[in-house]
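J.: From first to last, the protein sequence lines stand for chains A and B. Heads up: the first sequence begins at 1 in the working numbering, then just goes up one per residue. Heads up: the second sequence begins at 1001 in the working numbering, then just goes up one per residue.
Note that these hints are calculated values from the structure, not bench results. Accuracy of the hints is not assured; some may be wrong.
Under the rule of at most 16 Å between Cα atoms (straight-line distance), these lysine to aspartate or glutamate pairs were calculated in the EDC-like manner [claimed, not checked]: (1) A:Lys2 x B:Asp1445; (2) A:Lys2 x B:Glu1248; (3) B:Lys1463 x B:Asp1504; (4) B:Lys1194 x A:Glu6; (5) B:Lys1345 x B:Asp1330; (6) A:Lys2 x B:Asp1249; (7) B:Lys1483 x B:Asp1445; (8) A:Lys7 x B:Glu1073; (9) B:Lys1278 x B:Glu1253; (10) B:Lys1163 x A:Glu3.
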Amino acid sequence: MKELFEKELKVINIGLEGFAETLKERETPVMHVRWQPPAMGDADLLSLLDKLK
Amino acid sequence: MVLKSYISKNMFRDSVYLMRLSNTVRGFAGVLEAEVIIGTDHNKKFLQSGGLWSEEIEKEAGANDLIIAIKAENEEKAEQAIQDALAELNKSVERENLLGEFVPRTFETALHNFPGANMALISIPGRYVEREADQILDAGLNMMIFSDNVTLEAEIALKNKAKEKGLLVMGPDCGTAIINGVPLAFANEVKRGKIGIVAAAGTGLQEVSTLINNLGEGISQGIGTGGRDVKEAVGGISMIMGLNALLEDEQTEVVVIVSKPPDASVTEKVLAVAQKSKKPVVVSFLGGDLNQVSAAGCVPAATLKEAAHKAVCLARNEDASGAVELKVDDNLLKEHKGKIAGSQKYLRALYSGGTLAYEALLMLQGIIKPIYTNLNYKGAEAIADVYKSTGHTIIDFGEDEFTQGRLHPMIDPSLRNTRIVNEAKDPETAVVVLDLVLGYNAHPDPAGSALEAIIEAQQLAAKEGRHLIFVTSVCGTDSDPQKRNEQVAKLEAAGVLVFPSNADAVAFLAALL
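With these hints in hand, go ahead and build the complete structure from the sequences.
T.: Here's what the structure looks like:
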């Protein structure tokens, strides 16, 4: 964690875009991920995908 | 009256954005009710129970589709509302483009395009968190999990994995953190300084960090853990890692721990680490055993204000051994006691910050009783109907019963505003208590919004010959987007009492009642 405290915070924001916007506004480096439920939200398909990994 | 729906295939927006958009659409001309929502099974049930169901939704909408459901005065108004909602959605795409030239759809792509990223902020539906968080740990990033509804098993697995890798997991259900001076999610703009905080209570971290700032000192790090971290099953993994990190951190000279009382085994573990510290450690386990804290060589604090004050004293090498007194202005007390009628007997505390509501309950138990509340607290009575106050009432509007399908009251205070007006209609209401929580991602003008309701409430009470006392505290700093000084000035101009902290506000109540 020492390393975290010593470096500039660079944030990957996954989910609510408002959180990325406020970071952007105060000039914190941020990349927003427009996340969507994987496998179109289909639980069976998702477990298949995870097996393929 | 007509019901009309529109389904946009393969369109996804986050839930907070959609709740805001739903609020906007409800304000369109001729619209009686509206929801803009993703077509998950849970959401579809919600539409069904809310009377916004249609055959089209039943047949066409899936979990990856966006539904616009409108109840309007007539066909034309409904159609117009759908068109205007679609225009708003398009605007959001344009706005997103401002976030950067490139908006990836997955964490992997983001990481590839954003080398050196060291923190992930996760706010996706709880059931998907473990899958995402696990790969984020594999990539060596720390994380803050804002999402709730993550299973206990997932929390334990993620935290153990993170511990092995020396990475920090804040949350799940972590609303506030300040890392390297950067406020994450619901946090305030505070000065950097030499006081480090680790907290299992979101608004607790906001209250302590802003009070420290307002007393002239600053924060090195504000680490959140999520409330469940201090339960025996999780064992305080994040709290202990955070505490150790602050004890090792050169910028941190004083450490503050804030939490509701952890489970006994976790308290022991946390205090054992604190006991070995060469740095002073202030511990505020709200409602916990102060003697146990003292016995571990730590500085006990009964309230969040006391934690902030003692930390500031210690940062300035001043004595912090005595309790921090909460002084009540006798003249102010006399003036307000004289204004309330004999029938006005009761306190109605309407909180948006859970920890602040809990602190109020803790301070008032034994002084006034019974207290009816929706908080889970041994010393108080469970309220029968959360929508209707009875006797002395303390309500946390951030609890699940108020936030299902709605924005948190710190973002959208409309439910609480309605309640303020309702309290004024009750001849037994003497004093209404409100917390106004400022900071990033909160409502842009909490004071302005509350004042609309306060003024209406005051007029209603005045018509019936009563005077209502409004007691508030404003959790925030002058550097917050809403500027604390401006918020306070607005409230005071309307005759609202504003106290420097929640504990000060509650001390006034205790004396008044």
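J.: For a C-alpha distance cap of 16 Å, please report whether B:Lys1345 and B:Asp1330 respect it.
T.: 20 Å, violated
J.: Is A:Lys2 close enough to B:Asp1445, meaning Cα to Cα at most 16 Å?
T.: 37 Å, violated
J.: Hint check: B:Lys1463 vs B:Asp1504, CA-CA at most 16 Å. Holds or violated?
T.: 31 Å, violated
J.: Checking one constraint from the list: CA of B:Lys1483 to CA of B:Asp1445, max 16 Å. Satisfied?
T.: 9 Å, holds
J.: Checking one constraint from the list: CA of B:Lys1163 to CA of A:Glu3, max 16 Å. Satisfied?
T.: Status holds; Cα separation ~15 Å.
J.: Is A:Lys2 close enough to B:Asp1249, meaning Cα to Cα at most 16 Å?
T.: 7 Å, holds
J.: Please verify whether A:Lys2 and B:Glu1248 have alpha carbons no more than 16 Å apart.
T.: The given pair, whose Cα atoms are some 8 Å apart, holds under the 16 Å limit.
J.: Decide if the proposed pair is consistent with the structure: A:Lys7 and B:Glu1073, CA atoms, cutoff 16 Å inclusive.
T.: The given pair, whose Cα atoms are some 57 Å apart, is violated under the 16 Å limit.
J.: Checking one constraint from the list: CA of B:Lys1194 to CA of A:Glu6, max 16 Å. Satisfied?
T.: Given that 16 Å is the threshold and the Cα spacing comes to 15 Å, the pair holds.
J.: With the threshold set at 16 Å, check whether the alpha-carbon distance from B:Lys1278 to B:Glu1253 stays at or below it.
T.: Distance of about 9 Å is within 16 Å: holds.
Checked against the numbered hints given earlier, the structure breaks hints 1, 3, 5 and 8 and satisfies all the rest.
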